[in-house]
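Student: Modelling step: build the complete structure from the supplied sequences, incorporating the hints.
Going line by line, the protein sequences match chains A, B, C and D.
For the first sequence, the working numbering gives the first residue as 1, with consecutive numbering after it.
For the second sequence, the working numbering gives the first residue as 314, with consecutive numbering after it.
For the third sequence, the working numbering gives the first residue as 627, with consecutive numbering after it.
For the fourth sequence, the working numbering gives the first residue as 940, with consecutive numbering after it.
Any given hint might turn out to be false.
Among chain C residues calculated to face chain A with C-beta under 10 Å, some are [said to hold, decoys possible]:
{"hint": "1", "residue": "VAL787"}
{"hint": "2", "residue": "GLY794"}
{"hint": "3", "residue": "SER797"}
{"hint": "4", "residue": "GLY799"}
{"hint": "5", "residue": "TRP865"}
DSS-like mimics (lysine-lysine), calculated; alpha carbons at most 30 Å apart, straight line [as the list claims (entries may be wrong)]:
{"hint": "6", "chain 1": "B", "residue 1": "LYS384", "chain 2": "A", "residue 2": "LYS143"}
{"hint": "7", "chain 1": "D", "residue 1": "LYS1082", "chain 2": "D", "residue 2": "LYS1010"}
{"hint": "8", "chain 1": "A", "residue 1": "LYS71", "chain 2": "B", "residue 2": "LYS456"}
{"hint": "9", "chain 1": "A", "residue 1": "LYS143", "chain 2": "B", "residue 2": "LYS433"}
{"hint": "10", "chain 1": "D", "residue 1": "LYS1059", "chain 2": "C", "residue 2": "LYS697"}
{"hint": "11", "chain 1": "D", "residue 1": "LYS1214", "chain 2": "C", "residue 2": "LYS697"}
Per label pair, the in silico range of CB-to-CB distance [unchecked claim]:
{"hint": "12", "chain 1": "D", "residue 1": "GLY949", "chain 2": "C", "residue 2": "GLY636", "range": "28 to 38 Å"}
{"hint": "13", "chain 1": "B", "residue 1": "ASN612", "chain 2": "D", "residue 2": "THR975", "range": "27 to 37 Å"}
{"hint": "14", "chain 1": "A", "residue 1": "GLU267", "chain 2": "B", "residue 2": "GLN609", "range": "44 to 54 Å"}
{"hint": "15", "chain 1": "C", "residue 1": "GLY826", "chain 2": "B", "residue 2": "SER348", "range": "51 to 61 Å"}
{"hint": "16", "chain 1": "A", "residue 1": "LYS71", "chain 2": "B", "residue 2": "ASN612", "range": "34 to 44 Å"}
{"hint": "17", "chain 1": "D", "residue 1": "GLY949", "chain 2": "C", "residue 2": "GLN922", "range": "30 to 40 Å"}
{"hint": "18", "chain 1": "D", "residue 1": "GLU1062", "chain 2": "A", "residue 2": "PRO196", "range": "45 to 55 Å"}
{"hint": "19", "chain 1": "A", "residue 1": "GLY271", "chain 2": "C", "residue 2": "LYS639", "range": "51 to 61 Å"}
{"hint": "20", "chain 1": "B", "residue 1": "GLU524", "chain 2": "D", "residue 2": "THR975", "range": "55 to 65 Å"}
{"hint": "21", "chain 1": "C", "residue 1": "GLN922", "chain 2": "B", "residue 2": "GLY513", "range": "42 to 52 Å"}
{"hint": "22", "chain 1": "B", "residue 1": "GLU510", "chain 2": "A", "residue 2": "GLY271", "range": "51 to 61 Å"}
{"hint": "23", "chain 1": "C", "residue 1": "GLU893", "chain 2": "D", "residue 2": "HIS1024", "range": "31 to 41 Å"}
Hints were generated in silico from the structure; no laboratory data involved.
For glycine and all other residues, C-beta sits at the position ideal for the given N, C-alpha and C.
There are 4 protein chains.
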Amino acid sequence: MGLTIGVDIGGTKIAAGVVDEAGTILETHTVATPSTPDGITDAICAAVGNAAEDHTVDAVGIGAAGYVDDKRATVIFAPNIDWRHEPLKDKVEQRVGLPVVVENDANAAAWGEYRFGAGKGHEDVICITLGTGLGGGIIIGNKLRRGRFGVAAEFGHIRVVPDGLLCGCGSQGCWEQYASGRALVRYARQRAAATPESAGILLGLGDGTPEGIQGRHVSAAARQGDPVAVDSFRELARWAGAGLADLASLFDPSAFIVGGGVSDEGELVLGPIRKSFRRWLIGAQWRPHAQVLAAQLGNRAGLVGAADLARQG
Amino acid sequence: MGLTIGVDIGGTKIAAGVVDEAGTILETHTVATPSTPDGITDAICAAVGNAAEDHTVDAVGIGAAGYVDDKRATVIFAPNIDWRHEPLKDKVEQRVGLPVVVENDANAAAWGEYRFGAGKGHEDVICITLGTGLGGGIIIGNKLRRGRFGVAAEFGHIRVVPDGLLCGCGSQGCWEQYASGRALVRYARQRAAATPESAGILLGLGDGTPEGIQGRHVSAAARQGDPVAVDSFRELARWAGAGLADLASLFDPSAFIVGGGVSDEGELVLGPIRKSFRRWLIGAQWRPHAQVLAAQLGNRAGLVGAADLARQG
Amino acid sequence: MGLTIGVDIGGTKIAAGVVDEAGTILETHTVATPSTPDGITDAICAAVGNAAEDHTVDAVGIGAAGYVDDKRATVIFAPNIDWRHEPLKDKVEQRVGLPVVVENDANAAAWGEYRFGAGKGHEDVICITLGTGLGGGIIIGNKLRRGRFGVAAEFGHIRVVPDGLLCGCGSQGCWEQYASGRALVRYARQRAAATPESAGILLGLGDGTPEGIQGRHVSAAARQGDPVAVDSFRELARWAGAGLADLASLFDPSAFIVGGGVSDEGELVLGPIRKSFRRWLIGAQWRPHAQVLAAQLGNRAGLVGAADLARQG
Amino acid sequence: MGLTIGVDIGGTKIAAGVVDEAGTILETHTVATPSTPDGITDAICAAVGNAAEDHTVDAVGIGAAGYVDDKRATVIFAPNIDWRHEPLKDKVEQRVGLPVVVENDANAAAWGEYRFGAGKGHEDVICITLGTGLGGGIIIGNKLRRGRFGVAAEFGHIRVVPDGLLCGCGSQGCWEQYASGRALVRYARQRAAATPESAGILLGLGDGTPEGIQGRHVSAAARQGDPVAVDSFRELARWAGAGLADLASLFDPSAFIVGGGVSDEGELVLGPIRKSFRRWLIGAQWRPHAQVLAAQLGNRAGLVGAADLARQG
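Tutor: Next up, the structure:
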C-alpha cells in the first residue's frame, strides 16, 4: 500500500494530510472546525477530498477524541462533539470512496510515535499525552492494544487520589486532574495566589492576577527561573512520574513516551518526571528500568499515526 | 504435546502435578517446603521426578512468586525465598532432563483460569488474586502478557493512596494494602477494637481479642452476619472494585476474574466488588461493561497454568 | 440587663428578634434581604428599629457570615455579601442608638446552643453546623473562643483530604466538601448516576435525573429507606464523625453539638456520626468520651445566641 | 510563692530542677530512668528529694508523657511506661511532703515557652513539638487549655491522610506520621534508597545504607546541602506547615511556637514550614497571620514549664 490520509480533528481546525510509508507528510489541508456534528463530518470529507486530489491514496485514518468502538467504525461518545454512536467510518467511506479507519486520537498519536518517532525499535511502549488532559496509547508486541471494546488506554481517568478533585468524567481523583496542562495552570494559580512575591515573573507575563495565568505563561516563566512556575512543573512531574511507575508495574514496557503540549518544555519537565518515576518505581533495584523518552513528532503524531493505522488496515 | 508437569511452590509445601491437555490433574506429588534456597530447588526436582515416574511427560512449568525474567528462566527476585538471579530453569533442566518454563505464580494462575476456568472463551482477560497479598495476570489477544522484562502485572503495587500505608515493597499506598487477605484482617481488627459490641460473633471465633482475629474468623463471622465482619468485607470490596475500574480504564478486558482465598467467599465478596466496580467505572453509560467473574480452579490454578504454559513452550 | 435584640442575616430574609434573659424570643421582625451591601445595612437597621418599638431593649447582637474582627465591630470579609472591612457595628450603632456586637453567625449559633440548648451545663463545648457548608463555634471554660484576631472555629476549612476537592475558599480537601449539605447532595447524585436501580425512591422525588436531586429529596428518600439516600447520609456521617474525632484530640470537650439543616434528620444522621466518631476517636479505651448531641434550637440558635452575646457585652 | 521543682521524665534519665519565678533553673539533679513503673516513681521522689535539699521549695510539677486526668493527679495512660490510672500526684506528695501537680509533658513544655520563651507577651499561643513524635499545647487567654478531661492538644493524632500510614495509636494517617523526627528519617531513607546518587553526603554519614540513616545524619547532611536531606526536611515542612494552617483555622492564635529536636535546625526547617503555612492558610489575604516562631528553651521547656505550673497551683 502506498499513500494514505490521516485526519486530525482539533478544537479549532481539522487537518487532513497525505502520508507516505515512512511517515512523511506530503501535504496537508486544513479547514476550520464547524460547530455542529454534521458540519464536522462534512468538513472531514471536504478535507479528505482536497487531500486526495493530487495524490493516489489507498485509505483514510481518522483520529477522534472519545470512545471508538472495537470495529474502529463508530464514535461511541465524544467529549467535545455531540457524537453519540456516530457511524463515522460508514459516513466518510460513502462520501469519499476510500476505506476508512477511525481511531481514538491518543491511540493514533501513540502509534505515530511508536512507528516513526521516539518509539522506533521498541516492541512494548506506553505513550502518555500531557495536553489539556491526559491521554495515551498502549503498544504491546508491536500491536496497538485497544481493549476488547475499543476503549482501553484511558490513562487520564485512573484514580490516583481517593475522594480527590472532581473530574469532567464524573469521577474524582482522576490522574489527569493532577498531571496535565490544566493541572499545571491550577498549580501555578494556587501558588501565585499564596506567595505572589515568588511569582513576579509569572504574574508579569499575564495580567498580574493569579486568575490571568495561562499555560504558556507558566512555561515561559519556568524557563526564566520563576520559582512558582518551576515549582508548578515539579508538582506536575511528581504526579506524572508516580503514575508512570504504576504503569510500569502493570505493563512493564521497555519505554514510555511523553508527548503533548506540556512535554514541549523538554527536560524542564522530563527531568523531574524521570526522577519521580524512579522514586516510585517498585522493585527498582531488581528490574530493568523502562526509558522515559520525549515524543518526537509533536502535534503531527496523531495525523501520522492515523494514516499509518489506515495503511495497516 | 501430551502430558506436562506443573509445579506450585507454596510456603509449606511444593506440589508437582501431571496435567493433561484439558487441564486435568492426573496425579500430584507434594513435599514439604525446605527452608533453604538450594533445598527448595532440590525439592522441586524431587517432586518433578516422582511425578514423572508413572507418566511420559514432555515439559515442566514452574510457578514461582517474584520477578521472573523475560526468558522465563531466571527468578530475579523472590519475596519469600532467598533467590536472587536464580537460574532455576537451567538447574532443573539439568536435573530432570526435561524442558522447563519458569513463570510468575500469579501469571501461571491467571493462565490456568483463562485456559480452563472462568476465562474460557475470552480473548482479553485480567485476573486478580486476592490472597495474603494481591497479584494477577494479563491476557490480551489470547496471550499471556509478561512485559518487556517479564515483570508486568504486579497489580498489588499500584499506588491507590498517596502517602498511604507502608508496603513490604518499600513504597506506600499500594493496592494490596487495601485489597487483600491481610487488609481484610486489619479492617476487622480495627473495627472490632473500636466497636466490640458489634463484633460479638467475630471476637467469639478467636481468642476474644481484636489481635486474635484471623482471616478465617472474618469469613466465618461474615457468613453468620456479624456486622463488623460484613463491614470489613465491604471495605475490602470498595477498594477491590475501585481498582478494577482503573484496570478497565487501562486494559478494557471483556472479563475480570477474581481468585485467591478471599474470593472463596463467593458472592459475599464478589457482589460488593461488582457494585464498587460499577460505582467507579468511567463512562459506564457509554461502554460495554467487563464481567467480574469468580475464579473456578481454586488453588489448582497455578499448577495447571504452569503446566499448560510449559506445553505451549 | 433585660431584653436584647438578636439579628440573623440570611440569604433570603433578615430577622431581628427581641430575646429575654432565658433565651425566649418575644417577637420577631423580618425583611427580605436586599441585594446590595448598603441595602443590607439599611435592612438590618430597619428590622432592629421595628423590633425595638414595642420593647425596651439594651443592646443588639448581629450574626454575620464571614470573618468578624477581634473587636466584634467589623466584618472583614463576607463570602456572600460584598462586605470588605465593613464597620457594621459603628454604622448600626449610629442609626439605632444602641450598643451593637457583631459576631460570626456560626459562633452566635454555637453560643445560643451552649446557653439555652443542647449545651446547657457544659463548660467546654464544640458546636458544628452542617448546613450548606460546615461552620461552628468553640466554648472553652464557659467563654466563646474567637481567636486572637476573631477568626477561630473555621472548622469547615481544615484539610481532611490532601489534594482533595476544590473548595470555594481556594484550598483543596476542606472538611466542608465532605461533610455538609452540599456534600450530601453530591454523594447522592454520584451514587444515583452509578446505580440508578438502587435509587428509585430518590430519583422519583425529583425530576428523575441525578442532577435534579436536591437535599430535601435525599432526606425524604432516606426516611423511606432508599439505599442510595441512606448510603449518602452514611458517607457524610463517616466524614463528620472522623472530623469530630480530630476535634476531640484537639479540644477534648465534654460535648459536641451537631446543628444545621442536615442534623434535622435526627438519629438518621446522628447515629452514624456517633459510630464514626467512636471508630476514629484516639485512645478511646482510656479517655472519657465526649457526648455527641443534636442541636435543640434549630435555626433560632444564631438569633438567640447573638442577642445573648449582646447582653453579655 | 518562691522556688518550685520541675520534673522531666525522659527515656534515659529523669531530671528534677529547682526553678525560680523568672524561669531560671538554679540546679538540676538527674537519675537514670529505671525500667519498672514503681522504680520510676521511686526515682522521681529521689530526684525531687535531692533537689529540695539545698533550697526551700513550695511545690513540685511533673511532666509526664501520656494522658493526665483533669485533676492533674493521675496518669491515665502512658505510651512508654506501664502506668495505667497511676495516682502519681498522691504517691509523690506522700513521699516528698510537697504539693504536686502532674501535667502532660508537651503541655508543660508549651507552658514553659509561653511563660519564659518564644511565647512571652502572647495571650493565645499554640505550641507544637516536633520530636520523635508530634505533641503540643494550647494557651488561650493566658491559660493552659487541657480540655474537659485533661487530654486536649493531642495534635499528633489528628488525621491528615485518610487511609494513611499506621500509627502507634492504632489509627491511620495521624499527623505525627508525616511531621516528626521519625517521619524525617523515613523520608530520608526512602529517598536515599530511590536515588542514592543524590544522597552521597547523607549515606556517607551513616553506614552507607538507607536503613542506617539516623535523624542526626539528616540534619548534618542537610546543613551540607545534601539534596536528599534537604528534600526530606522540605517534605516534613510541607506537612508541618499545612497542619499549622489547619490549627490557624481552628484556634486563630497570634503565634505558633515550633519546638522539639527537629526545630533545632532553625531556619533550615522553619523557613519551609512558614512557606507551607502561608501556602495553605485559608483566607490569607483577609486575616492577620499568626507568627511561626522557633522555641527558645530547648529541652528545658518541659521542666521549667512544669515547675511554673506547680507555682501557679
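Student: Now look at each hint and say whether the structure bears it out.
Tutor: Do the hints match the structure? See the list:
1. VAL787: holds, 5 Å
2. GLY794: violated, 13 Å
3. SER797: holds, 8 Å
4. GLY799: holds, 8 Å
5. TRP865: Given a least distance of 9 Å, the restraint on TRP865/C holds.
6. LYS384/B to LYS143/A: holds, 20 Å
7. LYS1082/D to LYS1010/D: holds, 15 Å
8. LYS71/A to LYS456/B: Holds - the C-alpha atoms of LYS456/B and LYS71/A are around 20 Å apart, at most 30 Å.
9. LYS143/A to LYS433/B: holds, 23 Å
10. LYS1059/D to LYS697/C: holds, 22 Å
11. LYS1214/D to LYS697/C: At roughly 29 Å apart (the allowed maximum being 30 Å), LYS697/C and LYS1214/D satisfy the hint.
12. GLY949/D to GLY636/C: 28 to 38 Å: With a Cβ separation near 56 Å, GLY949/D and GLY636/C fall outside 28 to 38 Å, so the hint is violated.
13. ASN612/B to THR975/D: 27 to 37 Å: Since ASN612/B and THR975/D have Cβ atoms about 49 Å apart, the given range 27 to 37 Å is violated.
14. GLU267/A to GLN609/B: 44 to 54 Å: holds, 51 Å
15. GLY826/C to SER348/B: 51 to 61 Å: holds, 59 Å
16. LYS71/A to ASN612/B: 34 to 44 Å: holds, 39 Å
17. GLY949/D to GLN922/C: 30 to 40 Å: violated, 48 Å
18. GLU1062/D to PRO196/A: 45 to 55 Å: For PRO196/A against GLU1062/D, whose Cβ atoms are near 31 Å apart, the range 45 to 55 Å is violated.
19. GLY271/A to LYS639/C: 51 to 61 Å: holds, 59 Å
20. GLU524/B to THR975/D: 55 to 65 Å: With a Cβ separation near 24 Å, GLU524/B and THR975/D fall outside 55 to 65 Å, so the hint is violated.
21. GLN922/C to GLY513/B: 42 to 52 Å: For GLY513/B against GLN922/C, whose Cβ atoms are near 34 Å apart, the range 42 to 52 Å is violated.
22. GLU510/B to GLY271/A: 51 to 61 Å: At roughly 55 Å between Cβ atoms, GLY271/A and GLU510/B fall inside 51 to 61 Å, so the hint holds.
23. GLU893/C to HIS1024/D: 31 to 41 Å: About 34 Å separates the Cβ atoms of GLU893/C and HIS1024/D, which means 31 to 41 Å holds.
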